[in-house]
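Undergrad: Sequence:
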Amino acid sequence: MAERAGLRPRNMMFTLFGDYIYHQGGEIWVGSLIRLMQCFGITEQAIRSELMRMCRKDYLTVRRSGKRSYYSLSQRGQEIIETGARRIFARSRGPWDQRWSVLTYSIPEEQREVRDRLRRDLCWLGFGPLTPGVYLSPWEHAEDMPGLLQRYNSHGQIQVFRANNAGPDDNHVLVQRCWNLPAINDAYRAFLNRWDLGLEKFRETGGQHLSEEECFVERYLLTLAYDRFPLVDPGLPRELLPPGWLGERAGAVFREYHQALEPGAMRFFSRVYEGWPA
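Its first residue numbered 8, the sequence shown is counted upward by one per residue in the numbering used here.
The reader is advised that the hints may include incorrect statements.
To be verified - Pairwise CB distance ranges (calculated):
id, residue 1, residue 2, range
1, T111, G38, 45 to 51 Å
2, A259, G32, 29 to 35 Å
3, Q82, L238, 47 to 53 Å
4, P102, Q164, 28 to 34 Å
5, R106, N160, 46 to 52 Å
Keep in mind the hints are simulated off the structure, nothing from the lab.
All of these numbers come straight from a predicted model, not from anything done at the bench.
Cβ coordinates follow ideal geometry from the N, Cα and C atoms, glycine included.
Starting from the given sequences, assemble the full structure and let the hints guide the process.
TA: The structure is reproduced here in structure tokens:
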């Protein structure tokens with residue numbers, strides 16, 4: 008399948024942990040990981056190398072038992088998975104109170120890597136860059152801020168405010184400055200062009216055209232295709248979205264197809280996950 012070309016092992020690991028392992032005890036033997044990744048043509052060497060990198064970056068932890076290695080999410084990895092799940096599966100946040108969360112930071116140049124990581128984390132949470140050191144979000148992020156501040160405030164000065172827009176630019180202009188909504192909408196359109204067809208066929212056949220392993224692969228690729236959106240789509244209130252916005256429709260297709268594929272995919276995963284001695 009052409010869309011499997013260029014799959015990144017790290018993205019695949021996060022998807023596997025978030026969609027499966029996190030809900031099955033949280034730990035998996037490396038042999039099971041290797042078998043599951045064989046479905047996508049990922050080599051054992053690439054898997055082991057990525058696992059080492061993810062442990063070094065504190066996304067995963069490893070437990071040794073004799074000659075066997077078992078991997079689980081670190082605290083930081085769990086936070087990423089839980090934040091992603093809220094962004095992907097959460098329902099509407101309700102009405103917007105017309106206020107903005109404003110985060111400012113000052114991290115010295117010699118800590119550029121920390122600064123770049125903070126920017127990625129802010130985008131993941133739905134913040135957009137108004138200026139290089141000022142990020143905006145229309146939401147309060149009460150669940151997210153304590154962990155973010157604990158992780159980064161020792162590296163520089165970070166302040167968070169909840170504020171009204173006093174102008175001169177109105178809220179729609181701020182949105183245009185912080186996010187490229189036309190490009191995001193184009194990405195949603197491409198997603199729908201691919202996955203609408205898969206969902207329609209599943210409805211027609213009741214999933215009988217797919218084996219359990221094919222359900223696992225299809226669900227995996229579906230999740231990988233959709234999980235880019237929490238990084239680029241800030242989840243803006245309706246009143247800030249442009250006409251013809253496709254985000255809600257894409258989310259509905261994702262959630263329905265993801266749920267429809269779950270029984271077959273989970274049966275395949277469970278056979279591999281449970282089929283190895285502890």
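Undergrad: Each hint needs a verdict: does it hold in this structure or not?
TA: Checked hints:
Restraint check, T111 to G38: a C-beta distance of roughly 47 Å satisfies the suggested window 45 to 51 Å. Here the CB-CB span from A259 to G32 is close to 31 Å, well matched to the stated 29 to 35 Å. At about 21 Å, the CB distance of Q82 to L238 disagrees with the hint of 47 to 53 Å. Checking the proposed 28 to 34 Å range against P102 and Q164 shows it holds: the Cβ atoms sit about 33 Å from each other.
At roughly 23 Å, the beta carbons of R106 and N160 sit outside the given window of 46 to 52 Å.
Comparing the model with each earlier hint shows violations of hints 3 and 5; every other hint is respected.
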